[in-house]
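Novice: All chains should be modelled from the sequences, with the hints used to inform the complete structure.
Line by line, the protein sequences are chains A and B. For the first sequence, the positions run 1 to 199 when the numbering used here is used. For the second sequence, the positions run 1001 to 1199 when the numbering used here is used.
Calculated from the structure, these hints are not laboratory results. Treat the hints with care, since some could be wrong.
When the alpha-carbon atoms are kept at most 30 Å apart in a straight line, the in silico BS3-like pairs for lysine-lysine are as follows [as the list claims (entries may be wrong)]:
1. K1058/B to K1048/B
2. K34/A to K48/A
3. K1058/B to K58/A
4. K1058/B to K34/A
5. K48/A to K1034/B
6. K1058/B to K1034/B
7. K1034/B to K1048/B
8. K34/A to K58/A
9. K48/A to K1048/B
10. K1139/B to K34/A
11. K58/A to K1139/B
12. K48/A to K58/A
What the simulated footprint calls covered on chain B by chain A, stretch by stretch (three residues with Cβ under 8 Å from a Cβ of chain A suffice, anywhere in the stretch; the number is not a length) [claimed, not checked]:
13. 1037–1050
14. 1108–1116
15. 1124–1132
16. 1153–1161
17. 1164–1173
This structure is a prediction, so every number in the text was calculated from the model and none was measured. We treat Cβ as the ideally placed atom computed from N, Cα and C, and that holds for glycine.
Number of protein chains: 2
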Amino acid sequence: MARTTPDRTRRSERSRIAILDAARELIGEVEYAKLTIEAIATRAGVGKQTIYRWWPSKGAVVFDALLSASENPEGGGIELPDTGDLGADLRTVLRATAAEFADPAFAAPLRALTTEIVNDPDLAAVYRERMAEPMRAAKRRRLRSAQRAGQLRADADLDLVVDMLYGPLTQRWLQRSGRIDAEFADALADAVLRAFAPA
Amino acid sequence: MARTTPDRTRRSERSRIAILDAARELIGEVEYAKLTIEAIATRAGVGKQTIYRWWPSKGAVVFDALLSASENPEGGGIELPDTGDLGADLRTVLRATAAEFADPAFAAPLRALTTEIVNDPDLAAVYRERMAEPMRAAKRRRLRSAQRAGQLRADADLDLVVDMLYGPLTQRWLQRSGRIDAEFADALADAVLRAFAPA
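Specialist: Here it is as structure tokens:
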């Protein structure tokens, strides 16, 4: 049985980082559908088998590359801004999301990845555990703080509030069915606030 | 140059209907990813080339099959119920949509098709013209009638209202991020009504 030496562990970690860096670079350069595991391996200076040892699919390695780019290097959890003004904070985060969706370098791989998640239950489970649920928990925390401050009705279903904030934005982006800009973000935030205003 | 005789036209129309029927049957029997043009051709009793003469891709023929199933045989346009009570009518249509999403026979092909639409701009354009826009226009008509009846604020952006009604439902379904049932449909309809209640 092969023993894992410290040297071997360091080499593995170096390869893993090189692969994620290569994937992140390539999704900015190549259309997602044309991106291959082979191209990632070549750029990273590793063999294809090294990638397949750690990731089951192109979707999985691209997902990890996007995720490691957005993870806090200090290891802290995700937090939404909390200035004490729920309206201002929601407009800030929805405007930021709208700007990301409008940025082709960000949006193109995310669009392709979103469709893989929709059709691949395994990738969907990883996505839920590592990205969707931590994000949703952070949104719920911000909304709960607003409930305590009397800015949101006490009986609001916070998952419904989250879905009403992000569903219309994501849907409009995926279906290209309308303009996504700061004005849309503000109108959406304001409408959701009215829907859950304290009685 | 070949002249199109009445007989030839009738044969073409028969083939077209047989292909759409075959596609519709097969999407209820076979997982979408495993459905092939060849299987549709065999079931319809035509050659693969006959299908490729009319449709550029599997997504396109499946889309037409789903669309022709939902089109009104009398040729009438899509209309939302208008009982005079906007709240009741919105709960009715959102409950119906939630029930469709919860029905595997309907949801599985629609899920696969949705992802093809997200990634295929040509199919997306056909979808917008033949399905999304007529549906959206019908929803706007119902909301405008409610505005005239004083049940919806006069300055409401009707496209935003439509997105807030359907975005959260579609998003929750695509991402499998929560329960989709009559209770969710009602809570969503009620929240949107509060957001756009007359001042």
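Novice: Confirm or reject each hint.
Specialist: Verification of the hints:
1. Annotation: proposed proximity of K1058/B to K1048/B holds, straight-line Cα distance about 11 Å (limit 30 Å).
2. Distance check on the hinted pair: K34/A and K48/A sit about 16 Å apart at the alpha-carbon level, within 30 Å; holds.
3. Simply put, K1058/B and K58/A have alpha-carbon atoms about 23 Å apart, close enough for the 30 Å limit, and the pair holds.
4. For the proposed pair K1058/B and K34/A, the alpha carbon gap of about 20 Å is at most 30 Å, so the pair holds.
5. Proximity of K48/A to K1034/B is assessed by CA-CA distance (about 27 Å); at most 30 Å being required, the pair is judged to hold.
6. For a cut-off of 30 Å, the pair hint linking K1058/B to K1034/B stands: about 11 Å separates their Cα positions.
7. Restraint check for K1034/B and K1048/B: satisfied, since their Cα atoms lie roughly 16 Å apart, inside the 30 Å limit.
8. Proposed proximity of K34/A and K58/A is supported: the alpha carbons are some 11 Å apart, at most 30 Å.
9. Between K48/A and K1048/B, the direct Cα distance comes to roughly 36 Å. Violation of the 30 Å bound is thereby established for this hinted pair.
10. For the proposed pair K1139/B and K34/A, the alpha carbon gap of about 38 Å is over 30 Å, so the pair is violated.
11. Restraint check: the Cα-Cα separation between K58/A and K1139/B comes to about 39 Å, which exceeds 30 Å; the hinted pair is violated.
12. Note on K48/A and K58/A: the hinted pairing holds, with a Cα-Cα distance of about 11 Å set against a maximum of 30 Å.
13. Residues of the region 1037–1050 of chain B lying with their CB closer than 8 Å to a CB of chain A number 0, which falls below the three-residue condition for coverage.
14. Coverage of the region 1108–1116 of chain B by chain A holds in this model, with 4 residues showing a Cβ closer than 8 Å to a Cβ of that chain against a need of three.
15. As drawn, the region 1124–1132 of chain B meets chain A at 3 residues by the rule of a beta-carbon pair under 8 Å; at three or more, the given contact holds.
16. Only residues whose beta carbon comes within less than 8 Å of a beta carbon in chain A count, and the region 1153–1161 of chain B has 3; three or more means the coverage holds.
17. Counting residues of the region 1164–1173 of chain B whose C-beta sits closer than 8 Å to any C-beta of chain A gives 8, which meets the bar of three, so the coverage hint holds.
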